[in-house]
Structure formats: structure tokens, C-alpha cells
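Line by line, the protein sequences give chains A and B. So the first sequence is numbered by the numbering used here: it starts at 1 and just counts up by one. So the second sequence is numbered by the numbering used here: it starts at 216 and just counts up by one.
Think of the hints as simulated: they come from the structure by calculation, not from any bench. A portion of the hints provided could be inaccurate.
Some, not all, of what chain A presents toward chain B, calculated at C-beta under 10 Å [claimed, not checked]: (1) Glu33; (2) Thr48; (3) His101; (4) Ile152; (5) Thr178; (6) Asp179; (7) Val181; (8) Pro182; (9) His201; (10) Leu205; (11) Gln208.
Just a sample of chain A residues kept apart from chain B, beta carbon distances all over 12 Å, derived [to be verified]: (12) Tyr31; (13) Thr46; (14) Thr59; (15) Asp131; (16) Phe134; (17) Gly198.
Glycine residues also receive a C-beta, built at the ideal position from the N, C-alpha and C atoms.
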Amino acid sequence: MKRITLCAGIFLLLTGCATAPSKQVEFPKMYQEKPKSIVVLPPANTSTAAEATIYYTTTIAKPLSDQGYYVLPIELTQAMLQEAGIVDGAQLQDLDFIRLHQLFGADAALYVTIREWNKSYTIIAGGLTVDLAFDLKSLKTGESLWHYRNRITVDTSGDQNAGLIGALIGTAIRTAMTDYVPIAEQVNYGALQSLPFGPYHPHYLQDQDYANQYR
Amino acid sequence: MRFYSHLFTISLFVSVTLLASCTTPSPSGFYWGRYPQTLYAYKKKPSPTTRMQHQNELMRLIDYANSHNTRVPPGVYAELGKLYLDQGDEVIAFNYFQKEQQLYPESAVLFTQIQQPKQPPKAAAIPESSTTRPSVTQPISKQSISKQPIQPTSVKTPLTPPAKTSP
Numbered sequence: 001m002k003r004i005t006l007c008a009g010i011f012l013l014l015t016g017c018a019t020a021p022s023k024q025v026e027f028p029k030m031y032q033e034k035p036k037s038i039v040v041l042p043p044a045n046t047s048t049a050a051e052a053t054i055y056y057t058t059t060i061a062k063p064l065s066d067q068g069y070y071v072l073p074i075e076l077t078q079a080m081l082q083e084a085g086i087v088d089g090a091q092l093q094d095l096d097f098i099r100l101h102q103l104f105g106a107d108a109a110l111y112v113t114i115r116e117w118n119k120s121y122t123i124i125a126g127g128l129t130v131d132l133a134f135d136l137k138s139l140k141t142g143e144s145l146w147h148y149r150n151r152i153t154v155d156t157s158g159d160q161n162a163g164l165i166g167a168l169i170g171t172a173i174r175t176a177m178t179d180y181v182p183i184a185e186q187v188n189y190g191a192l193q194s195l196p197f198g199p200y201h202p203h204y205l206q207d208q209d210y211a212n213q214y215r
Numbered sequence: 216m217r218f219y220s221h222l223f224t225i226s227l228f229v230s231v232t233l234l235a236s237c238t239t240p241s242p243s244g245f246y247w248g249r250y251p252q253t254l255y256a257y258k259k260k261p262s263p264t265t266r267m268q269h270q271n272e273l274m275r276l277i278d279y280a281n282s283h284n285t286r287v288p289p290g291v292y293a294e295l296g297k298l299y300l301d302q303g304d305e306v307i308a309f310n311y312f313q314k315e316q317q318l319y320p321e322s323a324v325l326f327t328q329i330q331q332p333k334q335p336p337k338a339a340a341i342p343e344s345s346t347t348r349p350s351v352t353q354p355i356s357k358q359s360i361s362k363q364p365i366q367p368t369s370v371k372t373p374l375t376p377p378a379k380t381s382p
């Protein structure tokens, strides 16, 4: 029985690969413009969790650079924008791409809207539900080069064999004490999977035919 | 039985990959160590302790890159420089900014914004309209938006570019 399930799973995965469009088809402008440097803008946080902003900004540089891009020092770019009174992405609408390019000299800017950031726990499992919408905009043309939106739930609970009461208490404690930094990092890594590789990645400009399975 | 041995192999592979991701550089060649953790701790609760821990981690990343012949990750030199700038150590700060710029010429424009605050801007960095928006409430920043290039919050006095120190 288990083997059948496994086979079915593999079949689904394979068919999924066959129908998914390639990165070249999905994000052609990435390969035309070939952005090398990215400025990470403050997130527009429309969720109810104020702390989501800090989780995002402290965990985005690592996955973005691992994807092969030069990420402008977020601590500096953030301080500069803060000096101009911009702390939330919602205040960015008056800053057009030409100004951003003058300020930072980056090829592209990463916009993100945090639509949901919900810690939750049920009796047997703790979780974090995150809904993020990314948009990478060219600072040369102002056009969108890459975009991604997904709502995912990350399981943050560990041991589930402690019995019902034990699990209930355990989950509550874990939800309060869970280190959300690696979870936020994981969320950002997942979101950036469909972003074509940048110049610091060994497979730069070799992933045009990769199927985009993260839609 | 065979299924379980496969499962074991897979879980072993996954855990090895997970462990490896923490201790070795990524395919792009960057080693980030505990950077997100120490940065988060510092941002969440800024104190001399958390700042020192983050500063030490940044130093460690540079040491790692030098001893393993890898590239210092983007922004690490710059962020270290900003920590020194916040403490008033301008010479050390600009030394690190220079290192960031040497390693990543992509950052050149950014540092012209920070290193030449005395030069009158050719064009206002931020559109005039944003100064009249109700959400922008800080009078100091209004002035800096329209009259001067943007500077990091911590810079209180106009900075003169420091004398070049030999590397």
C-alpha cells in the first residue's frame, strides 16, 4: 500500500515537472536584463504581526545572496530610507525607480508585501502561516522582472508523542519559545527558489530551461 | 522493509544536507554562519551585549572567508562599518566601507551617498511630494530629504572623508 502511494507521488511529481513552464518562459526579462545587484526594500506589512518586518529583513540577505546576487547592505539602505521617514513598504509609492537607482545604484529592487504572519497552535501541532508577495522590479525600466506569491504553513512543533495534555502544554510552550529566525529563513529560501540564479551562482545563465515548479 | 531502508537513506541525506548548510558555504560560495540569529537578536533588543555578539559574528565571517579562500558575503564589511560608525569610529568605519566597495564594485553608488555628505546634491534624492505626505512626520528628515543627501541616522556631524589608511 505504501509503495503504491509512493509511486503515485512520484508520478504526480514527474507530471508536475512536465507541465511546469521553464524559467525562461516565465521570467524572460530576467535573462534580458541580467540584474546583478538588488536592493531589499522595507516590507509593506499588512499582517497583524508587527514583528514580521524584522524577521523578514534579518533573514532575506542570506538566501538572496545564495541565489547569486549582490545584496546591498540592508542595514545601510534601511537607515538611509529611515532617515527619509520610510520605515514601511507602503510608504515607498512616491519613490520611483529612477530615484531608487540614483540612491543605491542597484540593478533591481525587491519589494515584498507581508499579507499574513500568523502563529497558531492546535492541540497536536504548532505552526506559522505566512503569506508573502514578492516583486523584483528593474531600476532601469521600472518593469517587473520576477514575482512570486505563496501562502504556506510551516510546522513548528517537534515531539508529538507526549500524550494529549502533554502535547497541548508542549505546543503552547514551544509556540511561545520557538526560534522563528530559522523558520523565516526557510520561508525566504522557499520563496526565492523560482528566482533565476544571479552572477555569483555557478549556474548563472544556465537555468533558463529549469522547470519552474514553484508557482 | 526495503521501503524503510529507503526512508532511512532519505532522512539521512536530508539531515546531512541540513547540517552541511549551516557549516559550509552555499553554492554561491558564501558562508553566513549564525548571521541571521545575531542580527535578529541585535535588532530585536539593541544592547552593548547583542551588538558585540553581532559584531563578533561579522568578524568571524570575515576570518572564515579569509582562511577558507571564499568570498566575504555581500554587505558584511559594510555592516561592520556601520556598527563602528554608530559608535563614532569613523576611520575604521570608512575603512570597512572601502573594503566592501573593493570587493563589490556594485556598492559604489551607495557609498558616494554616504561618503560625500558635504557636496550639495545635484538633484533631490527623494521627490518633493514625499515631504508633504502626512505619514512623514520627522521634521529633521524633511530637511534632509530636500536639502541634503540622505545620511545614516547615527551621523550627527557632517563627515569629512577620512584620511586613507593603508590596508
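Tested hints:
no., hint, verdict
1, Glu33, "violated (15 Å)"
2, Thr48, "violated (18 Å)"
3, His101, "holds (8 Å)"
4, Ile152, "violated (18 Å)"
5, Thr178, "violated (13 Å)"
6, Asp179, "holds (8 Å)"
7, Val181, "holds (5 Å)"
8, Pro182, "holds (8 Å)"
9, His201, "holds (5 Å)"
10, Leu205, "violated (14 Å)"
11, Gln208, "violated (17 Å)"
12, Tyr31, "holds (18 Å)"
13, Thr46, "holds (15 Å)"
14, Thr59, "violated (5 Å)"
15, Asp131, "holds (21 Å)"
16, Phe134, "holds (18 Å)"
17, Gly198, "violated (8 Å)"
This entry does not satisfy hints 1, 2, 4, 5, 10, 11, 14 and 17, going by the numbered hints stated previously.
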